[in-house]
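Colleague: Please build the complete structure, drawing on both the sequences and the hints.
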Amino acid sequence: MSGTFVGMPAFPEAAHDAVNNRTLRGNLRHATHTIRAKRAKAVAEVSDWAALREAGKQIKDHTLRHLDRYLVQLEESVTAAGGTVHWAADADEANRIVTRLVKETGETEVVKVKSMATQEIALNEALEAEGIRAYETDLAELIVQLGKDRPSHILVPAIHRNRGEIRDIFRSEMGAWGRPAPEGLTDTPAELADAARLHLREKFLRAKVGVSGANFMVAETGTLVVVESEGNGRMCLTLPETLISVVGIEKIVPTWQDLEVFLQTLPRSSTAERMNPYTSTWTGTTDGDGPRTFHLVLLDNGRTDTLADEVGRQALRCIRCSACLNVCPVYERAGGHAYGSVYPGPIGAILSPQLRGTASEIDASLPYASSLCGACYEVCPVAIDIPEVLVHLRERIVEGGPVTREGAKVVLKPAKGHAAERAAMRGARWAFSHPGALRAGQRLASRTRRFHPRTLPGPGKAWSASRDLPEVPAEPFRDWWQRTHGGKDAK
Amino acid sequence: MRVALFLTCVNDTLYPDTGRAVLKLLTRLGVDVDFPMDQTCCGQAHYNTGYRHQAEPLARHFSDVFGEYEAIVTPSGSCGAMVRELYPRMGERARAEGRGDTLAKTLAPVVPKTYELTEFLVDVLGVTDVGAYYPHTVTYHPTCHGLRSLGLGDRPRRLLQAVKGLELRELPGADECCGFGGTFAVKNPDVSAAMGTDKVRSAESTGAEVLCAADNSCLMHIGGTMARLSTAMRPVHIAEILASTEEEPSA
Numbered sequence: 001m002s003g004t005f006v007g008m009p010a011f012p013e014a015a016h017d018a019v020n021n022r023t024l025r026g027n028l029r030h031a032t033h034t035i036r037a038k039r040a041k042a043v044a045e046v047s048d049w050a051a052l053r054e055a056g057k058q059i060k061d062h063t064l065r066h067l068d069r070y071l072v073q074l075e076e077s078v079t080a081a082g083g084t085v086h087w088a089a090d091a092d093e094a095n096r097i098v099t100r101l102v103k104e105t106g107e108t109e110v111v112k113v114k115s116m117a118t119q120e121i122a123l124n125e126a127l128e129a130e131g132i133r134a135y136e137t138d139l140a141e142l143i144v145q146l147g148k149d150r151p152s153h154i155l156v157p158a159i160h161r162n163r164g165e166i167r168d169i170f171r172s173e174m175g176a177w178g179r180p181a182p183e184g185l186t187d188t189p190a191e192l193a194d195a196a197r198l199h200l201r202e203k204f205l206r207a208k209v210g211v212s213g214a215n216f217m218v219a220e221t222g223t224l225v226v227v228e229s230e231g232n233g234r235m236c237l238t239l240p241e242t243l244i245s246v247v248g249i250e251k252i253v254p255t256w257q258d259l260e261v262f263l264q265t266l267p268r269s270s271t272a273e274r275m276n277p278y279t280s281t282w283t284g285t286t287d288g289d290g291p292r293t294f295h296l297v298l299l300d301n302g303r304t305d306t307l308a309d310e311v312g313r314q315a316l317r318c319i320r321c322s323a324c325l326n327v328c329p330v331y332e333r334a335g336g337h338a339y340g341s342v343y344p345g346p347i348g349a350i351l352s353p354q355l356r357g358t359a360s361e362i363d364a365s366l367p368y369a370s371s372l373c374g375a376c377y378e379v380c381p382v383a384i385d386i387p388e389v390l391v392h393l394r395e396r397i398v399e400g401g402p403v404t405r406e407g408a409k410v411v412l413k414p415a416k417g418h419a420a421e422r423a424a425m426r427g428a429r430w431a432f433s434h435p436g437a438l439r440a441g442q443r444l445a446s447r448t449r450r451f452h453p454r455t456l457p458g459p460g461k462a463w464s465a466s467r468d469l470p471e472v473p474a475e476p477f478r479d480w481w482q483r484t485h486g487g488k489d490a491k
Numbered sequence: 001m002r003v004a005l006f007l008t009c010v011n012d013t014l015y016p017d018t019g020r021a022v023l024k025l026l027t028r029l030g031v032d033v034d035f036p037m038d039q040t041c042c043g044q045a046h047y048n049t050g051y052r053h054q055a056e057p058l059a060r061h062f063s064d065v066f067g068e069y070e071a072i073v074t075p076s077g078s079c080g081a082m083v084r085e086l087y088p089r090m091g092e093r094a095r096a097e098g099r100g101d102t103l104a105k106t107l108a109p110v111v112p113k114t115y116e117l118t119e120f121l122v123d124v125l126g127v128t129d130v131g132a133y134y135p136h137t138v139t140y141h142p143t144c145h146g147l148r149s150l151g152l153g154d155r156p157r158r159l160l161q162a163v164k165g166l167e168l169r170e171l172p173g174a175d176e177c178c179g180f181g182g183t184f185a186v187k188n189p190d191v192s193a194a195m196g197t198d199k200v201r202s203a204e205s206t207g208a209e210v211l212c213a214a215d216n217s218c219l220m221h222i223g224g225t226m227a228r229l230s231t232a233m234r235p236v237h238i239a240e241i242l243a244s245t246e247e248e249p250s251a
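Chains as they are written, first to last, in the UniProt record's numbering: chain G, 1 to 491; chain E, 1 to 251.
Calculated directly from the structure, the hints in this document are not laboratory data.
Mimicking SDA-like on lysine to any residue, the simulated pairs with C-alpha atoms at most 20 Å apart in a straight line are:
#  : chain 1 : residue 1 : chain 2 : residue 2
1  : G       : Lys409    : E       : Ala96
2  : E       : Lys24     : G       : Pro473
3  : G       : Lys461    : E       : Thr183
4  : G       : Lys416    : E       : Thr183
5  : G       : Lys41     : E       : Ala174
6  : E       : Lys24     : G       : Gly486
7  : E       : Lys24     : G       : Trp480
8  : G       : Lys461    : E       : Arg228
9  : G       : Lys461    : E       : Thr197
10 : G       : Lys41     : E       : Asp175
11 : E       : Lys24     : G       : Asp479
12 : G       : Lys38     : E       : Ala174
13 : G       : Lys413    : E       : His53
14 : E       : Lys24     : G       : Gln482
15 : G       : Lys409    : E       : Glu97
16 : E       : Lys24     : G       : Glu475
17 : G       : Lys461    : E       : Ala227
18 : G       : Lys461    : E       : Val186
19 : G       : Lys416    : E       : Val186
20 : G       : Lys38     : E       : Pro172
21 : G       : Lys38     : E       : Asp175
22 : G       : Lys461    : E       : Asp190
23 : G       : Lys41     : E       : Pro172
24 : G       : Lys38     : E       : Gly173
25 : G       : Lys409    : E       : Gly98
Modeller: Below is the structure:
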């Protein structure tokens, strides 16, 4: 994945600043609560939502189970329709392929449709290193790009910015990338949108190469699908001479009919719209209509490894709607950047450590970036049991065990830094397996209760820094029960 | 009906009043309650922190201790969800690891007969008016595992609404997590504290005297935050409200 995130600190540390940044907290709270309420209303309108959710889950599971077969079918369909398919095992390979394809056109700039896959592989940075400038055309991606920032939300990458900040970015940065912001630009949404529209129009009309991802790929016809709200995507998909689409292998569905389900669940879950404003589909090339050359780069980058894990593979059902981000109380306080990946929030917390492995500090901390409240599972339109996968990944970190990396089975050792916790868990397990020992511990705690400090040393310090400890009662329940009801003593 | 009280290790050690309240309440409703002295912990803290294999002996111990009872009642949505939702999953995982059906078979008997307190009252005993008296303003915080894993729905609120003298105030953002999350509170202290503070602030906005919930662990976190913020509210377990009567009121 992206080199941008190498050396990220662990999640709690990365979240620290965001939690204490009032502007950021305010922006995030306002945005997530607004979209959360709208989504709930849009979903409540559909009487068969539960059935749609189950259907989406089943289609995705079926496709993942037969991924090899459907990918071959897709390659055949795309090729028959006049496109060219390329296979990329990892980010470097995908970037090399795209760079070569752009160079072959002789162009030094490309326009881009918002795409998580190209963010994941850090394509813009890779192109830049080869002298090719990539222009983001999605409004929020444009704001992030102009602000030399990183996206902090899957759907609304600039969610952490408010209108005033956006105006400042437009005023100071637009000129360096093309048409400058109009004189006297204010922070009203209409003026900001108009400035972006004028700035982008130049790019659409000039571009010879477009780069996109895709929300879905239909195996039976080789058709790719992008859903979007602004129309910039359709410009990029239709105006250039060459179109290069970089898509994760899990984005496939077997038939056109399967789209019926996702074109209902995706917009309602993501933007709370009944239907997304623009649905663009393209199949290979057609004379006199759209790009004359079409390349599809199929990206693995950890996906088949994830598929090998029977609990964790459900993360590959994700349709990137970001509903889980908008309901997550942890995301709301920590912000997207703390997750150290282009996939923030609950889905990022299970996807990143699977795609990238758990060797880095940030990836080993992500499975703990959740209170397991379950709100993410409840809203997920393809029923990914995110809490289940989080706990599964925690197990991988503290206990180690077999995983698949780059196609080979390897046995992970337990992660460092959990030794004290592991010992405490073993101790607790022993005490809880010996009721007599538990009872002795309780009695000791009760007898020494007057000496318990209000703040704690060691790991308990984190608790007592912001919360008072409960008082230990004079007598645990079991002693009271024995005294008053004569229960027999524990073994 | 012979019912076992599964008090949970947290309640037993830190909140014995909740246990006494459940006992008083169920006895008043004509239930014969036993407290099996060998009970310890359901293993949830181990399981949720990633120590599933350490949780297994605790789950087996739970089945040994409680297997013979007709019903197992616990004043904790979280520990109830551990037994009902995660014990079957532990059995499945053991099977997937090639260890056969032994664990699944050992745990199966306790799964369907374990009830969270408010579920037991409404679904098994069929009562919503438990004859309680509690002359205070109360706001109810549905804790996550009770809300989403067990699907307690409006059972706790229906029980509270039937309490004489009690005025129930709606909690804004009720279904948002308080930020406890077991070891989450220690592993991610900043985020946990921010969530706790927001929960206390929305509880304060109701003007209620009492914040009530069905899990003492969440109440420990919320109450500890209230104390630090010098909030006038008190955290109270729902069992203590439902046990309270005019003759024997609880605070």
